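Student: Residues per chain, in single letters:
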Amino acid sequence: MKILTAFKAVPDPDGDPRAAAAAANARWVINYFDAIALEEAVRLRERGAAAQVVAVTIGPPRVEEQVRAALAMGADRAVRVDDERPVDPYFVAQVLQAVVQREAPGLVILGKQAVDDDSNQVGQMLAGRLGWPQATFVSRLELSDGGARARCTRETDAGLQVVEVRLPAVITTDLRLNEPRYVSLPALIKARRQAIELLSVAQLSPAARPRTRVLRTEPAASRPPGTRVTSVAELVTRLREEAKVL
Amino acid sequence: MDFAWSSSQRELFDAVVAFARKELGRELIQRDAQGTFDREGWTKCGQMGIPGLPVPEEYGGAGQDALTTVGALEHLGYACRDNGLTFSLNAHLWTAVMPLVAFGTEEQKRRFLPGLADGRLIGGNAMSEPQAGSDAYSLRTTAVQDGAHYVLNGSKIYVTNGPVADLLVVFATLDRARGAPAITAFLVQRDTPGMTVGRKLEKMGLRTSPMAELFFEDCRVPAENRLGREGAGTSLFTHSMNWERGCILATAVGSMRYLLERCIRFARERKQFGQAIGKFQLVATRIVDMQLRLTTARHLLYYGGWLRSQGKTAILEAAMAKLYLSEAWVQSCQDAIQIHGGAGYMVEYEVERELRDALGSRLYSGTNEIQRTLIASLLGL
Chain A
10 MKILTAFKAV PDPDGDPRAA AAAANARWVI NYFDAIALEE AVRLRERGAA
60 AQVVAVTIGP PRVEEQVRAA LAMGADRAVR VDDERPVDPY FVAQVLQAVV
110 QREAPGLVIL GKQAVDDDSN QVGQMLAGRL GWPQATFVSR LELSDGGARA
160 RCTRETDAGL QVVEVRLPAV ITTDLRLNEP RYVSLPALIK ARRQAIELLS
210 VAQLSPAARP RTRVLRTEPA ASRPPGTRVT SVAELVTRLR EEAKVL
Chain B
229 MDFAWSSSQR ELFDAVVAFA RKELGRELIQ RDAQGTFDRE GWTKCGQMGI
279 PGLPVPEEYG GAGQDALTTV GALEHLGYAC RDNGLTFSLN AHLWTAVMPL
329 VAFGTEEQKR RFLPGLADGR LIGGNAMSEP QAGSDAYSLR TTAVQDGAHY
379 VLNGSKIYVT NGPVADLLVV FATLDRARGA PAITAFLVQR DTPGMTVGRK
429 LEKMGLRTSP MAELFFEDCR VPAENRLGRE GAGTSLFTHS MNWERGCILA
479 TAVGSMRYLL ERCIRFARER KQFGQAIGKF QLVATRIVDM QLRLTTARHL
529 LYYGGWLRSQ GKTAILEAAM AKLYLSEAWV QSCQDAIQIH GGAGYMVEYE
579 VERELRDALG SRLYSGTNEI QRTLIASLLG L
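Sequence lines, in order, name chains A and B. Taking this note's numbering, the leading residue of the first sequence gets 10, the next gets one more, and so forth. Taking this note's numbering, the leading residue of the second sequence gets 229, the next gets one more, and so forth.
Just so you know, the hints here were simulated from the structure itself, not pulled from any lab data.
Chain B side only, calculated, beta carbon under 10 Å to chain A, not exhaustive:
no. : residue
1   : ALA243
2   : MET276
3   : GLY291
Residues of chain A clear of chain B, computed beta-carbon distances all greater than 12 Å:
no. : residue
4   : ARG86
5   : ASN129
6   : ALA230
7   : GLU250
Bear in mind the structure is a predicted one, so any value in this text is a computation, not a measurement. All C-beta atoms in this analysis are idealised placements derived from N, C-alpha and C, irrespective of residue type, glycine included.
The task is simple: from the sequences and hints, build the whole structure.
Tutor: Given below as structure tokens:
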């Protein structure tokens with residue numbers, strides 16, 4: 010079975026938030042939920058449940074560093090759909106649908122959302138467009154029925170829910186599914202020599218275009234610094250008299 | 229002349245920093261007090277590929293040149309506060325791995341390098357003896373050939389990684405009367421009968437890097453474990469010391485960067501007499517000197533690494549790097565303590581440990597007196 014995973018290069022959420030706002034200077038990383046998706050796919054292949062892992066992204070040449078990181082993590086092949094427009098969920102779902110039709114994977118694993126825009130829509134839209142079953146927010150994934158089905162534990166507000174989907178299906182990952190591995194230095198070096206396959210939106214889905222226009226992004230207002238108190242008595246007094254919460 | 233790292237080098241360094249910040253240096257105050265080696269951290273460094281950085285890819289390493297390797301180690305020293313662990317890695321790299329890469333037979337390389345490169349094996353080196361320190365070639369440990377073996381007798385001291393090493397490069401003489409030309413190196417594996425690891429030595433700093441004495445009593449080493457030909461010990465030692473001097477303090481440059489950034493942060497935040505102490509010129513000039521030392525040290529380190537990467541010799545540069553980087557590291561540690569005031573002297577602030585860890589650098593890989601002597605002789609004096 011072939012597994013297709015997609016990932017988005019996002020500004021490093023652990024980096025300087027001002028740099029993230031000024032994307033030009035940001036340090037880019039693979040969206041963490043997508044790294045979890047890729048890790049899961051690689052683990053399935055390592056356990057013999059899959060034969061090939063293909064990692065796909067949409068982005069300009071700048072994201073090739075993250076594409077190589079995906080190869081170093083263990084993807085067998087990497088595809089970059091060359092496009093420099095800011096993406097939105099429907100556009101991504103359209104493009105991924107075309108990639109899925111080209112690659113014919115038995116399973117698609119995606120992060121549940123990207124940490125930069127927090128849309129949380131691509132997996133659902135993609136499954137809808139493909140007419141495939143979906144399991145979202147998955148924290149545990151087991152293949153059953155000789156690889157014909159996937160038992161997925163979903164994290165919901167009500168608790169852990171177990172669903173079973175028939176493959177091919179779209180699965181989106183939650184935080185607790187796994188902890189992505191560190192990319193070793195030899196793997197990074199080896200990934201430099203691997204080819205990255207290039208596709209274009211024109212080839213895949215000529216009518217697709219991003220429809221969302223971001224009007225404005227502002228950095229979050231900075232909070233005033235806290236103060237240090239020297240005793241519990243002072244804390245209580247100030248909570249009562251200054252903060253007026255007691 | 230090009231001073232920029234390539235994007236692939238920066239990618240490696242970023243990966244090292246992210247890894248070290250997350251995985252290394254746990255419970256360090258406690259482990260420093262107890263002198264506990266971080267075996268788990270070592271294994272993770274191995275999986276990351278750090279001990280295999282300069283090892284050719286055909287033997288399971290990353291196949292990086294000297295300059296990239298010291299760059300990666302500088303970043304490791306910056307992000308990992310466990311200077312003992314990085315010292316153990318340095319000893320492994322420069323006194324076991326590189327001699328094996330340079331002098332090992334094909335069979336020896338195939339047998340040992342993959343394990344040394346991925347951290348399954350820990351390497352070390354046994355040269356110093358109680359009576360043979362700076363006068364290294366006056367060693368008394370003997371090796372006598374007996375059929376397909378050499379029989380080793382004697383003792384070694386200050387063996388970094390001794391208590392945990394799987395493979396040691398041991399220097400012995402075939403004939404005490406013949407002096408330096410009789411010195412020969414051997415690869416001795418852990419648990420070889422006749423080799424005992426003595427008590428763990430308590431140190432002032434680098435306490436998380438284990439060190440021991442070694443005793444050889446009719447220790448039979450297979451002849452195929454001789455490293456280099458008979459009598460090649462001195463050229464092997466000189467070669468390995470040259471690498472060691474030039475590269476071992478890459479991690480110290482990283483530590484200096486860490487201390488500088490910490491001091492800048494502290495001097496901006498700490499207020500006395502109504503203003504940040506960094507506004508006082510006495511504090512500011514100390515930090516300026518730390519920056520100056522860091523930049524000078526870094527350029528010396530990179531230049532030596534660049535020469536090696538070009539296949540050129542770097543004997544003078546290696547001696548200067550060892551001498552200057554160690555003095556600069558110690559001075560910057562002292563400055564960091566002074567800037568932090570009383571807090572800097574407290575164990576919990578983790579500044580004083582850096583000084584204790586730094587002080588040994590003026591002694592190991594040849595004392596700084598030996599470096600000056602070497603530089604003077606290279607200058608024709």
